[in-house]
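2 protein chains.
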Amino acid sequence: MADDALFEFLHMEIVSHVYKEHATREDIDRERVTCVSTLEAMGFRVGQGLIERFTKDSPSFKDDLDVMKFLCKDFWSTVFKKQIDNLRTNHQGTYVLQDNKFSLLTQFSSGKQYLEEAPKYLAFSCGMIRGALSNLGLEGVVTAEVSVMPSCKFQVVIQKL
Amino acid sequence: MADDALFEFLHMEIVSHVYKEHATREDIDRERVTCVSTLEAMGFRVGQGLIERFTKDSPSFKDDLDVMKFLCKDFWSTVFKKQIDNLRTNHQGTYVLQDNKFSLLTQFSSGKQYLEEAPKYLAFSCGMIRGALSNLGLEGVVTAEVSVMPSCKFQVVIQKL
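Chain order of the listed sequences is A and B. What the first sequence shows, in the numbering used here, is residues 857 to 1017, in sequence order. What the second sequence shows, in the numbering used here, is residues 857 to 1017, in sequence order.
Bear in mind the hints are in silico, worked out from the structure with no lab data behind them. Where hints are given, some of them may not hold.
Same chains, same names: a pair is fine if it fits in one copy or spans any two.
Straight-line C-alpha distance at most 30 Å; calculated DSS-like pairs for lysine-lysine [said to hold, decoys possible]:
| hint | residue 1 | residue 2 |
| --- | --- | --- |
| 1 | K876 | K1016 |
| 2 | K929 | K1009 |
| 3 | K929 | K876 |
| 4 | K937 | K957 |
| 5 | K918 | K876 |
| 6 | K968 | K1016 |
| 7 | K925 | K876 |
| 8 | K976 | K918 |
| 9 | K1009 | K912 |
Whole structure, please, built from the sequences with the hints as guidance.
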C-alpha cells in the first residue's frame, strides 16, 4: 500500500486550496507572497509538532551539525520516505540539504517545463524544516531552490543569537 | 518514529485554516456549511487518489460488501493506522462503520466536553470515504456521528443507480 501517498495528496490539496482562495483577488504578486507565507506557516507548525514526537526518546544533540544530521536522516525518512542525499555546510551556520528526488516534486515531469510552479510546492517543506529546527533551539532562515525537477536544494542559515 | 503524526498534524492545520479564513465573515451558520463542504471536497479528492494507488494490484471486488471490507481493513489501516472495529449492514445498501478510537479525535479529552467540535474533524474523513467508494463505482452519502469521544460511527448509504 502506498503509505506516503496520503501525505502527497493532502499536501497537493492544501496548496491548491490556498492558491484558489487567493486567485480571485486583484494584486496577484502580493497574493503570491501571502500564499507562500500561509503554506510556510502551516509547515512550521507541523514541523514543530513532528519533531516534538520524534525526539521524545532521542538523546540530546551535541551540536548544530548533529541536529542537521538527524533532520537529514530520521526526520526526512519519516516525512518523505527517503534520506537527504547530500548535506554540506560551511561550518559557519549555513547548511545545504540536497534531495535528488524530492517526493513533492515527483508528480511533475522531469526537466524544466514546470520549473516556475515549483516554489508553490516547496513553501510548506521550508516551513516544516524551520519549525523542526526552531523546536530544537535553532532559529534560522530556510529557502529552497530547484534547477532541475525533481531535485531540490534547501538552504538553512542558522541565526546566531 | 510517529509516522501517523504527520497526517494528524496536517489534518489539524487544514481544519484550522479552512475555519479561520471563514471566521471573519458574517453569516456564521452558512459559513459553517461552507467549511464542512470545503473539507469534504478535499477529502473526496484525496480518497479518490489513494484508492487508485491502493487497488492498483488488487483483484476486483465481487460485491459491495467486499468493497466495504477492503475499506474497513486495508484502506483504514493505511490512513488511520488501525482497522474499523465493527462493520454492520442492512444488506440494502446501508453500512455502519464503527471506529472505537478514531485517530483524528484522540487529541480531544474523552467524554462529551468537546462533542460539538467533533464535526469539524470528521468532514474530511467522510469525504475521503465517499471519494474512495466513488472511484470503485459506488456512489453514496457518507455521514458521521460521535456520541462519546474518541469513538465514531460513519454511515454509508449507497445509491442504487
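Here is how each hint holds up against the structure:
In this assembly of identical chains, the alpha carbons of K876 and K1016 never lie at most 30 Å apart, being 38 Å within a copy and 34 Å across copies at closest. Taking the shortest Cα distances, K929 and K1009 sit within 30 Å of each other inside one copy (15 Å), while across copies they are farther apart (39 Å). Proximity of K929 to K876 under the C-alpha cut-off of 30 Å is found in neither arrangement, the shortest distances being 34 Å within a copy and 34 Å between copies. Proximity of K937 to K957 under the C-alpha cut-off of 30 Å is found in both arrangements, the shortest distances being 11 Å within a copy and 27 Å between copies.
Within a single copy, K918 and K876 get their C-alpha atoms no closer than 44 Å, and across copies no closer than 40 Å, so neither meets the 30 Å cut-off. With identical chains, the CA atoms of K968 and K1016 are never at most 30 Å apart, being 36 Å at best within one copy and 47 Å at best between copies. Taking identical chains as interchangeable, the C-alpha atoms of K925 and K876 are never at most 30 Å apart, the minima being 36 Å within one chain and 36 Å between chains. With identical chains, the CA atoms of K976 and K918 are never at most 30 Å apart, being 34 Å at best within one copy and 42 Å at best between copies.
In this assembly of identical chains, the alpha carbons of K1009 and K912 lie at most 30 Å apart only when taken from the same copy (28 Å versus 32 Å across copies).
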